[in-house]
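Protein chains: 2
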Amino acid sequence: MEIPKHLEIIFLGDELLLGIRSNGHLVFLGDQLTRHGLPIRRTQEIRDEESEIRTAFLSAWERSDILITTGGLGPTTDDLTRETIADALGRSLVFNEEQEAELRNFFAIRGRDVTPNNLRQCYLVDGAERLINPNGTAPGQWLEVDGKLLIMLPGPAHEMKPMFDEEVLPRLVKKGLALERPAYLQLRTIGVGESYLQTRLEPIFDRYAGQLSIAYCAHNGFVDMRLRPVNERLEWSRLEEIGNECASELGDGFLGYGEPDVAEWILRKLRSLNSKLAVAESCTGGLLASRFTDVPGASKSFAGGLVCYQNEVKEALLNVPGCLLEQHGAVSAECAVAMATGVAERLEADYALAVTGFAGPEGGEEPPGTIYLGYHSPVGVWSYKLIHPGQRAAVKQRAVNSALDFIYRKLKKYAAYDLLESMRC
Amino acid sequence: MEIPKHLEIIFLGDELLLGIRSNGHLVFLGDQLTRHGLPIRRTQEIRDEESEIRTAFLSAWERSDILITTGGLGPTTDDLTRETIADALGRSLVFNEEQEAELRNFFAIRGRDVTPNNLRQCYLVDGAERLINPNGTAPGQWLEVDGKLLIMLPGPAHEMKPMFDEEVLPRLVKKGLALERPAYLQLRTIGVGESYLQTRLEPIFDRYAGQLSIAYCAHNGFVDMRLRPVNERLEWSRLEEIGNECASELGDGFLGYGEPDVAEWILRKLRSLNSKLAVAESCTGGLLASRFTDVPGASKSFAGGLVCYQNEVKEALLNVPGCLLEQHGAVSAECAVAMATGVAERLEADYALAVTGFAGPEGGEEPPGTIYLGYHSPVGVWSYKLIHPGQRAAVKQRAVNSALDFIYRKLKKYAAYDLLESMRC
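For the record, the sequence lines run as chains A and B.
Quick note: to get my numbering, add 9 to the position in the first sequence (first position is 1).
Quick note: to get my numbering, add 9 to the position in the second sequence (first position is 1).
Heads up, some of the hints might be wrong.
[Stated by the list, open to error] Incomplete in silico selection of chain A near chain B, CB under 7 Å:
| # | residue |
| --- | --- |
| 1 | 32 |
| 2 | 43 |
| 3 | 46 |
| 4 | 179 |
| 5 | 217 |
| 6 | 313 |
| 7 | 356 |
To be clear, the hints were calculated from the coordinates, so they are not data collected in a lab.
Bear in mind the structure is a predicted one, so any value in this text is a computation, not a measurement.
Cβ atoms here follow ideal geometry from the backbone N, Cα and C, with glycine treated the same way.
Model the full structure from these sequences, guided by the hints.
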């Protein structure tokens, strides 16, 4: 494998330095470029000022084989990228008539007039190829100079991202600078820690020492594991075989390849069982229901949810017995199970999840961060206690992750049980 | 006012360049530094590699009066910031015994042993002041060299942020490099656009032409407006007067100074009215309830919520008449009102919000993004139609924002009405 090119990115925009919004472009481009085997070497965020653009550009250009810029291609006087970079390269700007025609058309179909400053966007750096922008008026630019490559992209995300996917990536692949196929195989695991993964999979990875690099990334109850060949001796099909070995070793801990969503997996599984799910939430306050309803078509297997913050509501809507609440309290294993059963009955669902706990900042008989999950299913009920100390929003999030993890594992187990049953027949 | 110092930040971490997580440190530090009158000039994200750290550090150090780094202060072999920067500055590392004592104590109370590599974290660059880290084992470092200032902070957010607030900012203020008081006055507005704000407030701002700079930032249904004096002639008390003028001009559109949360405002208001709120959600699927339950102490005025995805559930739990659903459909003004009334009755709440609509990707009789809000209150019921085309998650989010905006405005009006009534008595 060739030594990767030195690639840098300069993001223009005062708002990035003011902490007003996070640099989503970096996440998008970092992910896309890494995936296609062209890792980023260094990035900068700079202000929309001519002197800043000039100095940042010149030093990055000297170091780089490939340099990408985002922002500053618009029609207004503080859009300075095009002019400043052309000047720094000692090149003139050339008017592009195709761009003018597209621009006039863009405005015509919107019933607006083209103003003179819009026409600034028709200029390309001498020698640059135009990157089409169907979502805005500023074209991108692709310029090859002295064996180096400069790519200028517009700032708005809904213009930059499609332009990268449709105009930039295919050109990079065609020039042999990026891989068409992902550079790594990603396995998503659930409910297991990084160190468990390392220990458990060590015997497999040891057989490929020196041939395979493994990167872990933990987020939201998942750990993503990326397997990447360190040289070309390891073929993609072999990588898939290793992935399958890891998957079978991990069992329930393996969620899928790529970026599968666990809520989607659960709803799909329930649909295949011709079953419905309901949820009852106290401390997570609707967040668990919201995760399920984020899945398109959720209504086919998600019956609904109840957010019962108060004891009277738990009694009235979920049929949680008043004496149970008195004896054990609302934050208890008994209450969690009663909530799950109650919501399943109310919403005529076969499966139900319930969450009750202290999200904080205040606790009760137990410290904030104490959570009880309740689970109702055709084969029985369970409760499970968790302790997730932290900020209120983080506690809610972790409780939701744990609830998803819990039902996922239960449903995986049933699947195996069903299989056993069917084999017996 | 002095010319601001040239401040740069270098963020270390391979994961930033891989698109695995967004650079939240930049948002936090950008916001904090801007607020305290010390804007960032330029930032970089670099890899955890010695040669990268060295070259990025040396060029940034040459340009900067103040340079901040985050990351690479930990105990492992890929934590290279401390050693590399000391070397680049031609300084030795000095063992700090206070840090050793704290480190041993940190491990002792957790029942863990100190390993030799942990002791690497006790070394400071010669001449550096130690910045205490109560949340981890790596201290920060504050080094003044030749009239320049170098600040090294640890990478984990829960260590870096408190260290910035408690150790760094007070020192910057003490040295006259940052303002103790915010550099601007922030007004949060709700439910009004940027251009409306500009037009509406122009007469006020025109009177301060050349003295006042105004920045707008739109997010999540709010527009934040920052008023900043461009020179010292404009005193803080005058700025507050201007803020009050804007607030009274905007009426209901003014939510508060700083960063008030509208859900918190609504629950506080309801509590003062000795009233409770319930919600019924279809397409937002729990997200509205979750916004309210994000507020600590929500249970005092939030009765609960029902997520009713299916018509049968709307009938069974919310008493929405079956014939109404047949006649108008579930996505209708009539259904929204019936849902609001139904949930108010069920949960014995005085106020209720309901949301029904097509979140997408599929629609029904109306296109995806069509939303009906329903509102129930002691003085009547309302319904309100919205069209928010977009991705499913964005449609949900906007519908929630609109629902919050809607009840906020209603409650503001009642407050005025109550006042009128009480004046009449």
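These are the hints, each one checked on the structure:
no.: 1; hint: 32; verdict: 6 Å, holds
no.: 2; hint: 43; verdict: 5 Å, holds
no.: 3; hint: 46; verdict: 12 Å, violated
no.: 4; hint: 179; verdict: 20 Å, violated
no.: 5; hint: 217; verdict: 21 Å, violated
no.: 6; hint: 313; verdict: 5 Å, holds
no.: 7; hint: 356; verdict: 6 Å, holds
In this structure, the hints that do not hold are numbers 3, 4, 5, in rising order.
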